[in-house]
Amino acid sequence: MQTAIAPSLDIQQIRQDFPILDQQINNRPLVYFDNAATTQKPRAVIDALTNYYEGYNANIHRGIHHLAEQATAAFEASRRAMQSFLNAAHWQEIIFTYGTTDGINLVAQAYGRRFLNAGDEIIISGMEHHSNIVPWQMLCEERGCVLKVIPVDEQGDLILDEYDALLSEQTKLVSVVHASNSLGTVNPVKTIIEKAHAAGAVVLIDGAQSSSHLPVDVQALDADFFVCSAHKFYGPTGMGVLYGKTALLEAMSPYRGGGEMIREVTFEKTTYNDIPYKFEAGTPNIADVVAVKAAVDYIGQLSKEAIAAHELELLHYATEQLSEIDGLRIIGQAKEKIGVVSFVMDGIHHQDMGVILDQQGIAVRTGHHCTMPLMHRFGIAGTTRASFAVYNTKDEIDRLVQGIRRVQKMML
Amino acid sequence: MTINEKQDEIIDEFDLFDDQLDKTQYIIDIGKKLPPMPESAKTDENRIMGCQSKVWLDAELQGDTIRFYGDSEPTAQVSKGLISLLIRVLSDQKPEDIANADLYFIPRVGMGNLITSLRAGGLASMIERMKAYGRAYSANSVQ
Numbered sequence: 001m002q003t004a005i006a007p008s009l010d011i012q013q014i015r016q017d018f019p020i021l022d023q024q025i026n027n028r029p030l031v032y033f034d035n036a037a038t039t040q041k042p043r044a045v046i047d048a049l050t051n052y053y054e055g056y057n058a059n060i061h062r063g064i065h066h067l068a069e070q071a072t073a074a075f076e077a078s079r080r081a082m083q084s085f086l087n088a089a090h091w092q093e094i095i096f097t098y099g100t101t102d103g104i105n106l107v108a109q110a111y112g113r114r115f116l117n118a119g120d121e122i123i124i125s126g127m128e129h130h131s132n133i134v135p136w137q138m139l140c141e142e143r144g145c146v147l148k149v150i151p152v153d154e155q156g157d158l159i160l161d162e163y164d165a166l167l168s169e170q171t172k173l174v175s176v177v178h179a180s181n182s183l184g185t186v187n188p189v190k191t192i193i194e195k196a197h198a199a200g201a202v203v204l205i206d207g208a209q210s211s212s213h214l215p216v217d218v219q220a221l222d223a224d225f226f227v228c229s230a231h232k233f234y235g236p237t238g239m240g241v242l243y244g245k246t247a248l249l250e251a252m253s254p255y256r257g258g259g260e261m262i263r264e265v266t267f268e269k270t271t272y273n274d275i276p277y278k279f280e281a282g283t284p285n286i287a288d289v290v291a292v293k294a295a296v297d298y299i300g301q302l303s304k305e306a307i308a309a310h311e312l313e314l315l316h317y318a319t320e321q322l323s324e325i326d327g328l329r330i331i332g333q334a335k336e337k338i339g340v341v342s343f344v345m346d347g348i349h350h351q352d353m354g355v356i357l358d359q360q361g362i363a364v365r366t367g368h369h370c371t372m373p374l375m376h377r378f379g380i381a382g383t384t385r386a387s388f389a390v391y392n393t394k395d396e397i398d399r400l401v402q403g404i405r406r407v408q409k410m411m412l
Numbered sequence: 001m002t003i004n005e006k007q008d009e010i011i012d013e014f015d016l017f018d019d020q021l022d023k024t025q026y027i028i029d030i031g032k033k034l035p036p037m038p039e040s041a042k043t044d045e046n047r048i049m050g051c052q053s054k055v056w057l058d059a060e061l062q063g064d065t066i067r068f069y070g071d072s073e074p075t076a077q078v079s080k081g082l083i084s085l086l087i088r089v090l091s092d093q094k095p096e097d098i099a100n101a102d103l104y105f106i107p108r109v110g111m112g113n114l115i116t117s118l119r120a121g122g123l124a125s126m127i128e129r130m131k132a133y134g135r136a137y138s139a140n141s142v143q
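From first to last, the protein sequence lines are chains C and U. When we follow the working numbering, the leftmost residue of the first sequence carries the number 1, and every step to the right adds one. When we follow the working numbering, the leftmost residue of the second sequence carries the number 1, and every step to the right adds one.
Think of the hints as simulated: they come from the structure by calculation, not from any bench. Even for Gly, the Cβ is constructed at its ideal location relative to N, Cα and C. It is possible that part of the hints are untrue.
[As the list claims (entries may be wrong)] Cβ-to-Cβ under 10 Å is the rule here; a few derived chain U residues that face chain C:
| hint | residue |
| --- | --- |
| 1 | Gln25 |
| 2 | Ile28 |
| 3 | Arg47 |
| 4 | Gln77 |
| 5 | Ser91 |
| 6 | Lys94 |
| 7 | Ala99 |
[What the hints assert, rightly or not] Calculated lysine-lysine pairs in the DSBU-like style (CA-CA distance at most 35 Å, straight line):
| hint | chain 1 | residue 1 | chain 2 | residue 2 |
| --- | --- | --- | --- | --- |
| 8 | C | Lys148 | U | Lys54 |
| 9 | C | Lys394 | U | Lys33 |
| 10 | C | Lys148 | C | Lys245 |
| 11 | C | Lys409 | U | Lys32 |
| 12 | U | Lys54 | C | Lys409 |
| 13 | U | Lys94 | C | Lys409 |
| 14 | C | Lys190 | C | Lys409 |
| 15 | U | Lys131 | U | Lys42 |
| 16 | C | Lys335 | U | Lys131 |
| 17 | U | Lys33 | C | Lys409 |
| 18 | U | Lys33 | U | Lys131 |
| 19 | U | Lys54 | U | Lys6 |
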C-alpha cells in the first residue's frame, strides 16, 4: 500500500461546507459512507445551481440577449474548468454528457460503429462496472466483434500477463476502469494504455471513481478517451464529461442528431458542427454544467493531493480496524487502492448488515455494486461497501466498527 | 383470530420497544422461530425475485383457508423475521380476506427503513404474491 502523507486539511471546517452532513438518522448523527455511489455537494455547488436559475437562466449559444450571453459564458467556463481538471490539451476535447455511462455509450456508438468490424477485438477487465461491459456487448452483437476480459487475481489486481496475452493485431479498443468501485483497486492504466497503443488499439479509461480521488492527467496517461461523472466529485447529478483526443473526435460520426450539432440543414443534406458541439445535440443540462465549475474550483482550493492523502489515511485506518473484527473478510486488497473498503461477514447477509447499519445512522452500500461478473469471480453474491470522501473522519470509521459489532451481536 | 386482530397483537408487541434496533432484534428473534420450509419447495417458481437475499414463498389450500410457507437464505435473518411476521398475519386465513387485507401493521410498528428493505428485499413482492394466492383461490372457490 502507498504511504499516506499527513493531511493538512481541516476536516471539521470542510464538513461545514456540506449542509447535508449535519443531520440525525434514526436519532444518531449521519455517517455517510456511500461516496462511491455519489458524493455530497458543498454549499458552493448548491449556490451555483440556484444562482443560475435565479440570476441568468437562458438557453445558450445562439441567444443574442444578455442572459443568454451570461449563461453561455458560464457554460463554456465550465468546459475550460474541466479541461484544466483533466489536463486536456484543448477545450474542444471536452464533451458534456449525462455521466460516465453516457460517455461510454457515446464512444461505443460514435467510434465503435464507425471503426470496428467483424472479428475485431475489444478488451475490458474483470472488474468493470456494468456500464463498461454492456455497451461493448451491444456493439459486439451489432458489429460481430469479440469481447475479451483481463482476469482479476485473488487480491483484486488485474493479471497483466494475461492482458499481454490478449493483445494482438485484432485488438482495436481497450476499455478499463481507472479505479474499481467495488474493490477500490487503482489499475496501472498508464501501462495498460502503452501496451494497447503498441498493439495499435485505442483506449478508453473509465474515470468514474478515480476523478474524485486521484489527480488525473489525460495527456500524461496518453488516454484516447476518458469518461467521468460530476456527481462522483462533489458536483451535480446527470452531468459528466467525455474527454477525447481531437483527431479521434473529429473522425467519429455524430452520436445524436438535433439542434446545436449541425452547421447547416437542408432536406437534401446536413453538415455537422465542429467538436465538441457535434456531440452535444439539443439543449444541454446547462445548470448542472455551470455548477460543475464550482465543484472543480472547490476541489482545487482543497487540492486533490491533500484530498487523496486524507482519504488514503482513512483507508489505512479502516482496513486496520475492520481487519480486527472476527469473521470479517475484506474483498479487494490490491497494492494500490482508493478509499473503498468492501467486505463480507460470516453468517451475516450484506442486506441485513446494510439495514442495521442504517438504523445506526451509517449509510453504506450493499449488493453487487453493478459488477456482477466480479462478484462471481470472488464467489460471492455481494458485499457491504464503505467508501470515503474528503469530509469523512476516523471517528466515523470507529462508528462503523461499533456498528458492525452491534450487527454481529444481534445475529448471534 | 382475524387478520386485523393479529395485526393489532403485533402492534402491541412492538410498542414495547422504543428503539429501532430493539425492534429489529425482535424481528430477527421471530425469524428464528419460523417453521422450516421443505427444501423441495425452494424452487425457482416459488422464489420471490428482485431481492438482494434469496426468499421463497409457497401456499396450499387447507379446507377453506390458505396456509403459507416461506423462508430466506440462512444468513438473511431480517428477511426471515419479516417473512415470519407476514405468515403469522396472513396464514390460515380465508382467500378473500387475504386478497383484501389492509396490512396497516407494517407502517404502524415503525419498521422505518425495513420498509425500504422490503422493497430491496422483495418483501413488497412477497405481499403481492400472498395476495395473488388469495385472489386465485377466491376465484377458484367462486367457480
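Cross-check of the supplied hints:
Because the closest C-beta pair between glutamine 25(U) and chain C is about 5 Å apart, less than 10 Å, the hint holds. The beta carbon of isoleucine 28(U) comes within 6 Å of a beta carbon in chain C, closer than 10 Å, and the hint placing it at the interface holds. At about 14 Å, the closest approach between the beta carbon of arginine 47(U) and any beta carbon in chain C exceeds 10 Å, and the interface hint on this residue is violated. Interface hint status for glutamine 77(U): upheld, as the beta-carbon distance to the closest one in chain C is roughly 6 Å, under 10 Å.
Annotation: serine 91(U) was flagged as interfacial toward chain C, and the flag is violated, the nearest CB pair being 24 Å apart, outside 10 Å. The beta carbon of lysine 94(U) is not positioned within 10 Å of any beta carbon in chain C (closest approach about 33 Å), and the interface hint is therefore violated. Among the interface hints, the one on alanine 99(U) is violated; its C-beta lies about 29 Å from the nearest C-beta in chain C, farther than the 10 Å criterion. For a cut-off of 35 Å, the pair hint linking lysine 148(C) to lysine 54(U) stands: about 31 Å separates their Cα positions.
Taking the CA atoms of lysine 394(C) and lysine 33(U), the gap is near 39 Å; set against the 35 Å cutoff, the hint is violated. A C-alpha spacing of about 24 Å is found between lysine 148(C) and lysine 245(C), which places the hinted pair at or below 35 Å, so the restraint holds. Between lysine 409(C) and lysine 32(U), the direct Cα distance comes to roughly 15 Å. Compliance with the 35 Å bound is thereby established for this hinted pair. Our distance criterion of 35 Å between C-alpha atoms is met by lysine 54(U) and lysine 409(C), whose separation comes to about 23 Å.
Between the alpha carbons of lysine 94(U) and lysine 409(C) the distance comes to roughly 39 Å, so the proposed pair goes past 35 Å and is violated. Only pairs whose Cα atoms come within 35 Å are accepted, and lysine 190(C) paired with lysine 409(C) is rejected, the gap being roughly 45 Å. A C-alpha spacing of about 19 Å is found between lysine 131(U) and lysine 42(U), which places the hinted pair at or below 35 Å, so the restraint holds. Under the criterion of a C-alpha separation no larger than 35 Å, the hint pairing lysine 335(C) with lysine 131(U) is inconsistent with the structure, at around 52 Å.
About 18 Å separates the Cα atoms of lysine 33(U) and lysine 409(C), which keeps this hinted pair within 35 Å; it holds. At most 35 Å may separate the alpha-carbon atoms for a hinted pair to count; lysine 33(U) and lysine 131(U) meet this at roughly 23 Å. Our distance criterion of 35 Å between C-alpha atoms is met by lysine 54(U) and lysine 6(U), whose separation comes to about 26 Å.
Going down the numbered hints, you'll see the structure goes against 3, 5, 6, 7, 9, 13, 14, 16, while the others check out.
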